[in-house]
Amino acid sequence: MQLALLRERIPYQAGTLAACLLITSAALVFSNQLTAPAIERAARADLQSSLTQVLPEGMVDNDMLRDARQILTENGASVTVYRGSKAGQYAAAVFESSAIGYAGEIRVLIGVDAGGTVMGVRVLKHAETPGLGDKIEIAKAGWIRGFEHKSLQNLAPERWAVKKDGGIFDQFAGATITPHAVVKAVKLGLDFYAAHANEIAGE
Amino acid sequence: MNRPDIRKLFRDGLWDQNVVTTQLLALCPTMAVTTSGTNGLGMGLATTAVLTVTNILLSAIRHLVPDQVRIPIFIVVIATVVTLVDMSLNAWLHELHKVLGLFIALIVVNCAILGRAEAFASKNGVVASAFDGLAMGLGFTLSLTVMGLMRELIGSGTLFAQASLLLGPAFSFLEITVIPQYGGVLMMILPPGGFLVLGFLLVAKRKLDARLARRNAPSQTENACCTV
Numbered sequence: 001m002q003l004a005l006l007r008e009r010i011p012y013q014a015g016t017l018a019a020c021l022l023i024t025s026a027a028l029v030f031s032n033q034l035t036a037p038a039i040e041r042a043a044r045a046d047l048q049s050s051l052t053q054v055l056p057e058g059m060v061d062n063d064m065l066r067d068a069r070q071i072l073t074e075n076g077a078s079v080t081v082y083r084g085s086k087a088g089q090y091a092a093a094v095f096e097s098s099a100i101g102y103a104g105e106i107r108v109l110i111g112v113d114a115g116g117t118v119m120g121v122r123v124l125k126h127a128e129t130p131g132l133g134d135k136i137e138i139a140k141a142g143w144i145r146g147f148e149h150k151s152l153q154n155l156a157p158e159r160w161a162v163k164k165d166g167g168i169f170d171q172f173a174g175a176t177i178t179p180h181a182v183v184k185a186v187k188l189g190l191d192f193y194a195a196h197a198n199e200i201a202g203e
Numbered sequence: 204m205n206r207p208d209i210r211k212l213f214r215d216g217l218w219d220q221n222v223v224t225t226q227l228l229a230l231c232p233t234m235a236v237t238t239s240g241t242n243g244l245g246m247g248l249a250t251t252a253v254l255t256v257t258n259i260l261l262s263a264i265r266h267l268v269p270d271q272v273r274i275p276i277f278i279v280v281i282a283t284v285v286t287l288v289d290m291s292l293n294a295w296l297h298e299l300h301k302v303l304g305l306f307i308a309l310i311v312v313n314c315a316i317l318g319r320a321e322a323f324a325s326k327n328g329v330v331a332s333a334f335d336g337l338a339m340g341l342g343f344t345l346s347l348t349v350m351g352l353m354r355e356l357i358g359s360g361t362l363f364a365q366a367s368l369l370l371g372p373a374f375s376f377l378e379i380t381v382i383p384q385y386g387g388v389l390m391m392i393l394p395p396g397g398f399l400v401l402g403f404l405l406v407a408k409r410k411l412d413a414r415l416a417r418r419n420a421p422s423q424t425e426n427a428c429c430t431v
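Chains A and B are the protein sequences, given in the same order. Residue numbering for the first sequence follows this note's numbering, beginning at 1 and increasing consecutively. Residue numbering for the second sequence follows this note's numbering, beginning at 204 and increasing consecutively.
Next up, chain B with everything else stripped away, as it sits in the complex (with noise of 0.2 Å):
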């Protein structure tokens, strides 16, 4: 086994290969929990977790795996380790299950994590695909705080609201009131606003890809698809 090229793992999973915003998928945890940056947090570092311990288990078992019932195999492994870390979370970190309890049940229809162990785990080496989890999820957690903060700024007018309690009192200096008496745009908290934001996020995101492609050009020809 060739010794996995970590820094283009993390650079696939934090921004190339950014499963929300090129792979375009997790969709709909996506618009569900992005409603203020601290839930897009939380909902991130989750998901992390999970692809993670998912990933190397599933990579651990891939020979032994037939391709005939493979997808079966993924779901019943994500399913398990999903309820596991739910279980032990509300048992013995019960304050942040509080908090986190939603999402995690969310996971379980997370279709990056099927998606990854399908295309990634199921290719690769352990070392390989913890980072691959590690890389893909760090980049999940990107996207969907950057997209809760946006509408939490502009629906609420806060940032970060209530960040101390997932990530206890040590960090309530993250949550600030940008615009105090703030009446708020209640749109950008309904599904309507993620939409927005995830469309602008895009665009934003290839106009950048396509400038980086144009100044080193030659080299790049992958990213032609992104020029507009």
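Just chain A, same shape as in the assembly (with noise of 0.2 Å):
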């Protein structure tokens, strides 16, 4: 048969391949541009509810992911602050912060007021161990909500710790470094907006 011996041919097998690697292509092409759209409105509409949840309801009453400013950080980093407002009075911010926890980073979004008290807390992402460390998850227990309503001003800095370090949020049977972890991030981000507060807040 003649594609037998076509087979053979080492021009033949590099066309296939070729040949292969073009239709592949096209095809992701083609459906990226498809589908880009959809994924990118999806995306909206998850980071609109989770700045929905960091926030109180009736709090803010603009469109939050229209109102966006990149802040530099003293390290060179770029952080996106969504500002939040109520008749036109900016009133509140949301915003990420991070720490290392047991088993890499956790990412928490924070909604604060515009004079820095926090609002409310989520954790986005984290790789803790499962039955131990993810009770910092909203779905898995209400600890997250231990932060909503403290500052940097009701609270003091030494404070900012679990209370194995003299702070005053709990630890997890187990697990230490997962809510030390995110009590840092959680400072971190306040002493970020506390630093930030006017380049935010200003028009």
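Everything labelled a hint here was simulated from the structure, so no lab data went into it. Take the hints with a grain of salt, since some may be wrong.
As the list claims (entries may be wrong) - Straight line, CA to CA, 30 Å or less: simulated DSBU-like cross-link-like pairs of lysine-lysine: (1) K135(A) - K301(B); (2) K125(A) - K301(B); (3) K125(A) - K163(A); (4) K301(B) - K140(A); (5) K125(A) - K187(A); (6) K184(A) - K326(B).
Just so it is clear, the structure is predicted and the values come from calculations on it, not from any experiment.
The two chains are supplied separately, each in an independent frame; assemble them into the complex guided by the hints.
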């Protein structure tokens, strides 16, 4: 058979591989163009729903996704801050912070009012031990609500720690590194907000 | 082309040549996701879909593909199908993607898919390959779900927790808390639990196979290797 002979030739083999790559790449490009707008929309909806989770209902009335600012930190990183306002008056800010936990980075989303008091915190991403460290998720336990209404003003810096280290936040049986890291991430976030409050609040 | 023996394909996929418990393939995703019955089921179903599609595609082009470059072509086709599934789920079934997203990326490294392409789809017709993919995938789903349920039961005292997130609210009846107020055996959720459960599953299957072989002894010589 002709094809059997052809298959033994190097140019045919190279050609087959190239054709295969071409077709699959084209398929990927095509489907990327087809799905990109829908994926973008879904990601925005996700972000919107996490933004509303860290601020009490009715606190802001604007579309926070459209009012984002990039703030440069001291070490050169850029943090996206979503600004919330009520009746045109700046009222709240939402931003991400992170710290290294027991198994890699823990990323949290923090919502604060204009004065820098925590309105809500949610863990966005973590890889902590299931059953021990994952109590930081709102779905598993209410622990993360312990940050609400705390600020750098009403809680001295040395009290921003787990109880074992002289702070006020509970640790979990068998897991101290995880809550320690979350407390640290929130504290870092508040420090960041305090340092850049004017930049974030200003017109 | 002979008509494929569909009964034998399903028998192989679900039991005789089960991906996990006989071929011992795909152990990476097996260990990683079987922390609960729901996770096992989700990974299994996603893999079944991908495996069926890749088997059909690769079987359709099997006469064109030269032996020397078949492995890269298989891999490219498999990776493309997985990416396409990932993108479409993310775009149009976003809630499902949030639950399954992690598993879909893991399917690329599932050697069972390449294994079926190499062992079956590259040598058999499209229809037979489609059924082979479906059967092997369902066998994989079965093993993963059983492993997930065992680890979940001992590890957290529940069965099919959060199944309604994966299958829709209609399936919330599957979610059972077997032992309320259970402290949990963390080790079963962590990787060692996966190895232990797999070990016990293998022993149980071999014992069962050996017993079956003894019962219809003369006909089933192929199971001789499994007698203890």
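We went through each hint and held it up to the structure:
1. For the hint pairing K135(A) with K301(B), the CA-to-CA distance comes to about 20 Å; that is within 30 Å, so the pair holds.
2. Our distance criterion of 30 Å between C-alpha atoms is met by K125(A) and K301(B), whose separation comes to about 13 Å.
3. Taking the CA atoms of K125(A) and K163(A), the gap is near 24 Å; set against the 30 Å cutoff, the hint holds.
4. Between K301(B) and K140(A) the CA atoms are separated by roughly 17 Å; this keeps the pair inside 30 Å, and the hint holds.
5. Of the supplied pair hints, the one linking K125(A) and K187(A) holds, its CA atoms being roughly 18 Å apart against a limit of 30 Å.
6. A C-alpha spacing of about 58 Å is found between K184(A) and K326(B), which places the hinted pair above 30 Å, so the restraint is violated.
Taken one by one, the earlier hints fail for this structure only at number 6.
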